[in-house]
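A.B. asks: As a plain string of letters, each chain reads:
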Amino acid sequence: MARVVVDVMLKPEILDPQGKAVHGAFGRLGFDGVADVRQGKRFEITLDGEATEERVAEIRKAADTLLANPVIEDYTLHVENGQ
Amino acid sequence: MKIGVVTFPGSLDDADARRAAAVAGAEAVALWHGDADLHGVDAVVLPGGFSYGDYLRAGAISRFAPVMETIIKKAGEGLPVLGICNGFQVLCESHLLPGALIKNHHRKFICKDQPLRIENNRTAWTSDYDANHEITIVLKNQDGSYVADEATLDRLEGEGRVVARYLDENPNGSYRDIAGITNERGNVVGLMPHPEHCVETLTGPTTDGLGFFTSVLKAVVAS
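The listed protein sequences correspond, in order, to chains A and B.
In terms of full-length UniProt numbering, the first sequence has 8 at position 8, counting the first letter as 1, and numbering is strictly consecutive.
In terms of full-length UniProt numbering, the second sequence has 35 at position 35, counting the first letter as 1, and numbering is strictly consecutive.
Please note that a few of the clues may not be correct.
The list that follows gives simulated cross-link-like pairs (lysine-lysine, DSBU-like), each with its CA atoms no further than 30 angstroms apart [said to hold, decoys possible]:
hint: 1; chain 1: B; residue 1: Lys74; chain 2: B; residue 2: Lys140
hint: 2; chain 1: B; residue 1: Lys2; chain 2: B; residue 2: Lys140
hint: 3; chain 1: A; residue 1: Lys11; chain 2: B; residue 2: Lys218
hint: 4; chain 1: B; residue 1: Lys108; chain 2: B; residue 2: Lys218
hint: 5; chain 1: B; residue 1: Lys74; chain 2: B; residue 2: Lys2
hint: 6; chain 1: A; residue 1: Lys61; chain 2: B; residue 2: Lys74
hint: 7; chain 1: B; residue 1: Lys218; chain 2: B; residue 2: Lys2
hint: 8; chain 1: A; residue 1: Lys41; chain 2: A; residue 2: Lys20
hint: 9; chain 1: B; residue 1: Lys112; chain 2: A; residue 2: Lys20
hint: 10; chain 1: B; residue 1: Lys140; chain 2: A; residue 2: Lys41
hint: 11; chain 1: B; residue 1: Lys108; chain 2: A; residue 2: Lys61
hint: 12; chain 1: B; residue 1: Lys140; chain 2: A; residue 2: Lys11
hint: 13; chain 1: B; residue 1: Lys74; chain 2: B; residue 2: Lys108
hint: 14; chain 1: A; residue 1: Lys20; chain 2: B; residue 2: Lys2
hint: 15; chain 1: B; residue 1: Lys108; chain 2: A; residue 2: Lys41
hint: 16; chain 1: A; residue 1: Lys20; chain 2: B; residue 2: Lys108
hint: 17; chain 1: A; residue 1: Lys61; chain 2: A; residue 2: Lys41
hint: 18; chain 1: B; residue 1: Lys108; chain 2: B; residue 2: Lys2
hint: 19; chain 1: B; residue 1: Lys73; chain 2: B; residue 2: Lys2
hint: 20; chain 1: A; residue 1: Lys41; chain 2: A; residue 2: Lys11
hint: 21; chain 1: A; residue 1: Lys11; chain 2: A; residue 2: Lys61
Just a sample of chain B residues kept apart from chain A, beta carbon distances all over 10 angstroms, derived [unchecked claim]:
hint: 22; residue: Glu27
hint: 23; residue: Asp35
hint: 24; residue: Leu56
hint: 25; residue: Glu69
hint: 26; residue: Glu93
hint: 27; residue: Phe109
hint: 28; residue: Asp130
hint: 29; residue: Asp149
hint: 30; residue: Glu169
hint: 31; residue: Asn170
hint: 32; residue: Glu200
Okay, the calculated bits of chain B under chain A, using three or more residues with CB under 8 angstroms as the criterion [stated by the list, open to error]:
hint: 33; segment: 57-64
hint: 34; segment: 135-148
hint: 35; segment: 213-219
The set of hints was computed from the structure by calculation and includes no laboratory data.
Please read these numbers as outputs of a predicted model, since none were measured by experiment.
We treat Cβ as the ideally placed atom computed from N, Cα and C, and that holds for glycine.
Let the sequences and hints guide you as you build the complete structure.
C.D. replies: Written out as structure tokens, the structure reads:
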């Protein structure tokens with residue numbers, strides 16, 4: 001079974017309040033030297049069989065329509081084979 | 001005259017929206033997210049709440065509910081649709097309205113009486129307000145910060161599609177203090193604050209919200 005991983009991040013120009021909260025916690029816990037934190041989402045999608053070109057294209061379509069909102073987010077997609 | 005109010009799993013304000021429709025003089029009809037039939041309603045309200053727990057993104061899952069397929073189609077044909085709070089998020093996710101709503105910039109939930117200016121009183125939902133009418137209605141949200149790229153914001157401003165703007169302090173980080181917008185045709189309106197909570201003095205700070213519901217009654221009669 002192959003796995004397709006989709007990583008979604010807010011576009012750089014969109015404010016990320018959750019990342020800011022995590023950044024604040026870094027400071028309070030004494031983790032110094034951190035300039036910024038951005039929080040994203042990772043989707044691990046396990047396919048029934050091999051990751052054929054066609055099926056990866058389907059997942060890309062799902063990423064475009066459901067997993068990411070192109071107005072505020074960008075995503076990257078990669079295939080992990082033979083897991 | 002029937003106003004339908006959709007209930008999604010996690011909707012909170014559907015009962016208040018139905019009540020507001022009734023107070024305005026309409027027959028309120030409960031619509032179910034899993035039923036694509038709009039049961040002959042003349043207008044639709046997508047209510048506030050946390051549909052699907054705001055999982056993925058606020059409104060992202062609801063956008064694919066069977067009832068939304070019909071609403072998206074009918075909105076394109078001119079059906080008046082008002083999305084309040086979570087409903088506004090659903091309208092943005094459905095691409096019936098541009099932009100998106102993200103977490104409040106201060107990261108806290110807000111619940112307050114919020115002054116607004118109605119800047120467009122030519123939509124199906126705002127015709128009962130005067131031009132630049134200032135109203136105060138309840139604002140309560142977590143993901144209320146309206147964002148869009150500069151070109152979209154300029155287009156909304158240029159076409160007079162900013163329906164409502166926050167007065168005084170910007171409560172949630174919304175770009176250009178935007179509290180509500182409309183589509184080109186003026187039948188679809190998204191609004192972050194809650195007019196349905198402000199139709200009776202017993203339970204609301206004002207009755208300033210009633211105008212949204214009385215406006216749509218007139219819009220339907222006129223069409």
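A.B. asks: Next pair to validate is B:Lys218 with B:Lys2; report whether the Cα-Cα distance is within 30 angstroms.
C.D. replies: This hinted pair holds, its Cα atoms lying about 12 angstroms apart.
A.B. asks: Compare the distance between the alpha carbons of A:Lys41 and A:Lys20 with 30 angstroms, and conclude whether the hinted pair is satisfied.
C.D. replies: Holds, because 15 angstroms separates the two Cα atoms, which is no more than 30 angstroms.
A.B. asks: Hey, A:Lys61 versus B:Lys74, does the alpha-carbon distance stay inside 30 angstroms?
C.D. replies: holds (25 angstroms)
A.B. asks: Taking 8 angstroms as the C-beta cutoff, is the stated coverage of the segment 213-219 of chain B by chain A satisfied by three or more residues?
C.D. replies: It is violated: at least three residues are needed, and the segment 213-219 of chain B offers just 0 whose Cβ sits closer than 8 angstroms to chain A.
A.B. asks: Verify the proposed pairing of B:Lys140 with A:Lys41, using a straight-line Cα cut of 30 angstroms.
C.D. replies: holds (26 angstroms)
A.B. asks: Given the hinted pair A:Lys20 and B:Lys2, is their Cα-Cα distance within 30 angstroms?
C.D. replies: Violated, at roughly 45 angstroms.
A.B. asks: Is the hinted pair B:Lys108 and B:Lys218 satisfied, with a Cα-Cα distance of at most 30 angstroms?
C.D. replies: Between B:Lys108 and B:Lys218 the Cα gap is close to 38 angstroms, so the pair fails against 30 angstroms, i.e. violated.
A.B. asks: Verify the coverage statement for the segment 57-64 of chain B against chain A, using a C-beta to C-beta distance below 8 angstroms and requiring 3 or more qualifying residues.
C.D. replies: holds (count 3)
A.B. asks: Just checking, B:Glu200 versus chain A, shortest CB gap more than 10 angstroms?
C.D. replies: holds (34 angstroms)
A.B. asks: Verify the proposed pairing of A:Lys20 with B:Lys108, using a straight-line Cα cut of 30 angstroms.
C.D. replies: Holds, because 13 angstroms separates the two Cα atoms, which is no more than 30 angstroms.
A.B. asks: Holds or violated: are the alpha carbons of B:Lys140 and A:Lys11 at most 30 angstroms from each other?
C.D. replies: holds (26 angstroms)
A.B. asks: Sort out whether A:Lys20 lies within 30 angstroms of B:Lys112, counting only the CA atoms.
C.D. replies: holds (24 angstroms)
Consistency with the previously given hints fails for numbers 3, 4, 11, 13, 14, 18, 24, 26, 29, 35, ordered from lowest to highest.
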